[in-house]
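Asks: Here are the chains, one letter per residue:
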Amino acid sequence: MNMSRNPSWERKDLLGLKELSAEEISLVLSTAESFKEVIGRPIKKVPALRGKTIVNLFYEPSTRTRISFEIAAKRLSADVINIATETSSVRKGETLIDTGRNIEALKVDMIVMRHSYSGAAVMLARHVGASVVNAGDGWHEHPTQALLDIFTLKEKLGRMEGIHVAIVGDIAHSRVARSDIWGLTKLGARVTVCAPPMLIPPCIGEMGVSVTQDIQEALAEADAVNVLRMQFERDSGDAFPQQLEYFKNFGITEERLKKAKKNIIVMHPGPINRGIEMSSEVADGANSVILEQVTNGIAVRMAVLFLVSQAAENRKARRTKSAKTESQVLAPGSLIGAPANSLLGKPVNT
Amino acid sequence: MKERARIMDKAGLNRVLLRMAHEIVEKNKGTQDIVIIGVCTRGAFLAQRLAALIGQVDGVTPPVGLLDITLYRDDLSSIAQQPVVHKTEINFDISDKKVILVDDVLYTGRTVRAALDEIIDFGRPQFIQLAVLVDRGHRELPIRADYVGKNIPTSPKETVEVRLEESEGRDEVVVLEKDA
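Top to bottom, those sequences are chains E and S. Using the numbering used here, the first residue of the first sequence is number 205, and each one after it goes up by one. Using the numbering used here, the first residue of the second sequence is number 5, and each one after it goes up by one.
No lab work stands behind these hints, which were simulated from the structure alone. In this text, a Cβ means the ideal position worked out from N, Cα and C, and glycines have one as well.
Which residues of chain E face chain S? A few of them, derived with a C-beta cut under 7 Å, are:
1) 235
2) 238
3) 241
4) 247
5) 250
6) 251
7) 252
Turn these sequences into a full structure, and let the hints steer you where they fit.
Replies: See below:
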């Protein structure tokens, strides 16, 4: 079988989309397509990650992302342990690295982490041998959300090259926006961000996106609009607009969509503030794919967990193989050296 | 890898598949409740061809499904390269059906073991029969085929390659010898 041309995933961790190549993103998407078929089966579980243990380590409250990761892991037959830091030793002052090392000492294969500090996942990944999947870190990245956004877009539009995506809302504080921008631009999509001036970070243009404060202009040419959640719970005072004022100027309404492309796709990472980011009619309307995003999230996260786990297994297999080859060279004719066929070349299924 | 022998050409392959189609119809006394499921990727092509031939023989073309067994493999952790996960497409209910499982080469039996596990996760068929184009021996599990295109005794140093028009652009079966 000619397997050499297959793209492969070599990374120990998934920390963000910034460092991924277009090929790596496409590999996750095509793998997720197969997993989408799996979650439509009568028995939605496959034995691919049997015997693996995954810890969900959530330093921030999250329902949908954690449940999505948990379902994804269970559909792959992995064992899942959830740690909510409110009830853990983190409250007693344990550092992130100590927590990570302790989890690793429990012989865990993968850690899925949500943290409020940007860069937390990168730091954890450097200090543990287990694979780390970033489930959102501060304002930095939320790679699986962006991957499921892109998966949904590709499923609906059939392509990524040349499509136009508007991202509306709190760009400054949004890890989803950053991951989306990295992923979309790598795959050749055009991105326009739209928000009140205080919610647009300086230098956003350097990420290769257009910027506007006119919602109608942002929607005009868009094939899709990703509406971000206004995170009023992070409201620190002056920087945030009033809710009604925001809806009036940036809220997605049916009137505004009437002036956009007829089949414009409306996305939202959830949870929705109805009547603030978009009207209820739009959220439940024909253009909305919000609930499909939730379903696709499982397929995408299964693909990520599978690929990361496979890469770890492959590294382990290569290490064992090279260790065996070495001992064979050192001790020819010894017990290890003799039955070379059976020890080294474990036959691949045919 | 060096080519040792060419076992089947296009005409030979067609004759063998036609004989297998007849055998399937004979053994099952017709095509009632028969469904064909091919293992990705060459088994899936062979399944399509067998279904078409059964249609010629008996007048009814049974439905064809395809099975990707990647997620059910027992050697996921020891194969050098990552297998690409493909879709399984079984767009019919297999409960109480007579499943003919089709693959190109039967060797250790581990692929068939994985395929059996996966099929049973889709429902409870009446029974599953196994059809393979080539049986090359060296089983590691107690599995045997109900329909065999050709038995080719091989050594573990050899490998049997089935090439099909759908995937390789030509129909043939060759025995290759692995480089020392």
